[in-house]
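Fit chain B to the given chain A structure using the hints.
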Amino acid sequence: MKHRIVIEPHSGVGNYWKDLWSYRGLFFFLAWRDVLVRYKQTVIGIAWSVVRPLLTIFAFSFIGWFFNIGAPGPSRLLLVAAATLPWQFFSSAFSDASNSLITNSNLISKVYFPRLIVPVSTVIVCLIDFLISFVILIILMLVCHQMPDKHILFLPLFMGIALLSALGAGMYVAALNVKYRDFKYIIPFIIQIGYYVSPLMFSSETIYQSTRLPEYVKVIYSLNPMVGVIDGFRWSLMGNSMPMHWDSFFISSGIGLLFFVIGIIYFRRTENNFADVI
Amino acid sequence: MRVEPVINVEHLSKSYVLRHKDQAGYSTLRETLSSGARNLFGKGAPAATRETFWALDDVSFQVNAGDRLGIIGRNGAGKSTLLKALSRIIAPTKGRITLEGRVASLLEVGTGFHPELSGRENVYLNGAILGMSREEIKSKFDEIVAFAEVEKFLDTPVKRYSSGMYVRLAFAVAAHLDPEILIVDEVLAVGDAAFQKKCMSRMRDVAGEGRTILFVSHNMAAIQNLCDKCIYMKNGQLITQGETEKVISSYLRSGAEAHQISLEDRKDRSGNGAIRFSSVLLKDGQGRAIPAFQSGMDATVVIRFTRKENKDLKNLQVALALDDENGQRVAHLNNELTNEIFESVGKDSDMIQISIPRFPFKQGMYTITLYASVNGETADWVQEAGVLEVEDGDFFQTGRTIQEGQSPFLFPFHFKLEK
Chain A
1 MKHRIVIEPH
11 SGVGNYWKDL
21 WSYRGLFFFL
31 AWRDVLVRYK
41 QTVIGIAWSV
51 VRPLLTIFAF
61 SFIGWFFNIG
71 APGPSRLLLV
81 AAATLPWQFF
91 SSAFSDASNS
101 LITNSNLISK
111 VYFPRLIVPV
121 STVIVCLIDF
131 LISFVILIIL
141 MLVCHQMPDK
151 HILFLPLFMG
161 IALLSALGAG
171 MYVAALNVKY
181 RDFKYIIPFI
191 IQIGYYVSPL
201 MFSSETIYQS
211 TRLPEYVKVI
221 YSLNPMVGVI
231 DGFRWSLMGN
241 SMPMHWDSFF
251 ISSGIGLLFF
261 VIGIIYFRRT
271 ENNFADVI
Chain B
1001 MRVEPVINVE
1011 HLSKSYVLRH
1021 KDQAGYSTLR
1031 ETLSSGARNL
1041 FGKGAPAATR
1051 ETFWALDDVS
1061 FQVNAGDRLG
1071 IIGRNGAGKS
1081 TLLKALSRII
1091 APTKGRITLE
1101 GRVASLLEVG
1111 TGFHPELSGR
1121 ENVYLNGAIL
1131 GMSREEIKSK
1141 FDEIVAFAEV
1151 EKFLDTPVKR
1161 YSSGMYVRLA
1171 FAVAAHLDPE
1181 ILIVDEVLAV
1191 GDAAFQKKCM
1201 SRMRDVAGEG
1211 RTILFVSHNM
1221 AAIQNLCDKC
1231 IYMKNGQLIT
1241 QGETEKVISS
1251 YLRSGAEAHQ
1261 ISLEDRKDRS
1271 GNGAIRFSSV
1281 LLKDGQGRAI
1291 PAFQSGMDAT
1301 VVIRFTRKEN
1311 KDLKNLQVAL
1321 ALDDENGQRV
1331 AHLNNELTNE
1341 IFESVGKDSD
1351 MIQISIPRFP
1361 FKQGMYTITL
1371 YASVNGETAD
1381 WVQEAGVLEV
1391 EDGDFFQTGR
1401 TIQEGQSPFL
1411 FPFHFKLEK
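As they're listed, the protein sequences go chains A and B.
Just so you know, we're using my numbering here: the first sequence kicks off at 1 and counts up by one.
Just so you know, we're using my numbering here: the second sequence kicks off at 1001 and counts up by one.
So that you can see chain A by itself, here it is in the shape it has in the complex (with noise of 0.2 Å):
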């Protein structure tokens, strides 16, 4: 027979990639479902993509200008857009993808499918959203005078990792938040205090480059997976004048891919008891 299935308390490993690889279409179709749902009915629709993270960016480069905040480089817009527009990807992904298992949870309690599924097709969703957005990084460029040199190519380097970190850390509080619905209100938390400790307003520099700050501070600092993340971008997109700081970057994606690691393990733990939980 070409299909035997054997259940067991504790299934094997083995077969779960296969699994994951034949349910391929329930994957492109949940993401499929969730990119067209999300601007249903509203006017604008899609141009929301860009909207949002365009409001965002004003936002800052006011509040940097207002307060005189150090903004190297060519121009502040495009060293905030730089880094409003991944982190935007990071937060958006790794909080939708921490409440995925719980608003597909009607799915969950009445189908089978590889669980994995739903985190991941939730942050290729936001990943969509980001590549449109995308647009306002090329216009914003066009407008400055800054043709991105060589260093562009590795945008996609720092775009994996924080693809990777933003599925890692979502995949973890995704299973717990099955189990522990508190999770629900610690994201929007951990996402605000993200807005701070991320270089978002101002230019990694500043930190680096302190005399009050010390040496302690700078590595805390550069734990946050998206601290690599955004200095890479404004590195491959504004060339040299924005030093990239590959010691603090090791450790940044470091920390982003031990997320994933680490998610992709308690997910795996924990899977098969979603729907008895959910």
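These are calculated hints, taken from the structure and not from any lab test.
It is possible that some hints are incorrect.
[As the list claims (entries may be wrong)] PhoX-like mimics (lysine-lysine), calculated; alpha carbons at most 25 Å apart, straight line:
{"hint": "1", "chain 1": "B", "residue 1": "Lys1234", "chain 2": "A", "residue 2": "Lys110"}
{"hint": "2", "chain 1": "A", "residue 1": "Lys40", "chain 2": "B", "residue 2": "Lys1159"}
{"hint": "3", "chain 1": "A", "residue 1": "Lys110", "chain 2": "B", "residue 2": "Lys1140"}
[Said to hold, decoys possible] Stretches of chain A that chain B covers, calculated by requiring three or more beta carbons in the stretch to come under 8 Å of a beta carbon on chain B:
{"hint": "4", "stretch": "21 to 29"}
{"hint": "5", "stretch": "37 to 45"}
{"hint": "6", "stretch": "108 to 122"}
{"hint": "7", "stretch": "268 to 277"}
Beta carbons are placed, not taken as given, at the ideal position from N, Cα and C, and that holds for glycine.
Just chain B, lined up with the frame of chain A:
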């Protein structure tokens, strides 16, 4: 050639831990932390009493290719848990299930339908959720839409559908699944009569194509109609399995003791008490006690009574009335109507039998009211004495029944062609 079972369930068990104090179904972090802290300080006073509940308890059975297996049992017997375990939604605590072939399970109509999406989009989405590939859905799309009769509204969001249209579309997708093993929970009890009929005949077609079907229903007529084998579950255990007829009759006989309605403690009764009804019991045509009637069966209601004085009674008149779920009186049985008033009741008589050939009501719950008069004076009158449960049965002995909502009762009739 030996027939290999396509479904092999071995010692399947599923347990849940019940916590009696909490109202919430999920725990909050605080509870876990606080009980963790308690354990830490060794003061092991449990936060809530815990009890292990076995939703499935050592269930084993096999299903061969092409079998149509019905699963029956009362609410909470573990039927849905069994289906969920078979569909891989929940992991068993113990035991093992082996399935050979593609499985599709239909535990709910319209799982994953999104209200904002159009009918067309939902067909694709729902199809994918039920395990169809895009090409498969594409090739069956027209068939599905025709079956659901929603051609005109394909591009309308389903949130604007009437509930009937919604259900039709949802079932239509499910009905066009093409698996080797189909697992169906009680989902046919939706939609209007005509559509239900269509669903049933579709299920029969699917069964006819040699597929293996597992079907849970409370509708005995549907089970008799569709399934060749049956298992009967109770309290998470498998009680009997075998031919549908045998299993259904054992199911109907089961739990009869619990279904003797005792009236001795009832205070809300009127009458002079010359006699008092003491219990009501349901029996089938063979005199076996049963918990519920099935439409079409030869049914007997046995009413016991006690008397105030130990002497003969004159002119005992007894009436039994049934009210439906809306409080509407639907039946009145009275021994005056049949000229069977008991003119003289000896000291040793304490039981009245009312026999009802081919019980004519459809599935439902009916409230029993009892009345008795002795010598023209009201002796006992108990309103809402108990509930009579009726399950659908094979009234016409054709395996067919009147669809839900078409008629609350059944009676024999014949059609004839003349010129």
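Consistency of the hints with the structure:
Under the criterion of a C-alpha separation no larger than 25 Å, the hint pairing B:Lys1234 with A:Lys110 is consistent with the structure, at around 22 Å. Of the pairs offered as hints, the one joining A:Lys40 and B:Lys1159 holds, with about 12 Å between alpha carbons and a cut-off of 25 Å not exceeded. Restraint check: the Cα-Cα separation between A:Lys110 and B:Lys1140 comes to about 23 Å, which is no more than 25 Å; the hinted pair holds. With 4 residues having a beta carbon nearer than 8 Å to a beta carbon of chain B, the stretch 21 to 29 of chain A meets the requirement of three or more and the stated coverage holds.
Chain B is given as covering the stretch 37 to 45 of chain A, and this holds because 3 residues of the stretch bring a CB closer than 8 Å to a CB of that chain, at least three being needed. A count of 6 residues in the stretch 108 to 122 of chain A with a Cβ less than 8 Å from any Cβ of chain B is obtained; the coverage claim is therefore met, three being the minimum. Given a C-beta distance limit of less than 8 Å, the hint that chain B covers the stretch 268 to 277 of chain A holds, as 5 residues qualify and 3 suffice.
Taken one by one, the earlier hints all hold for this structure without exception.
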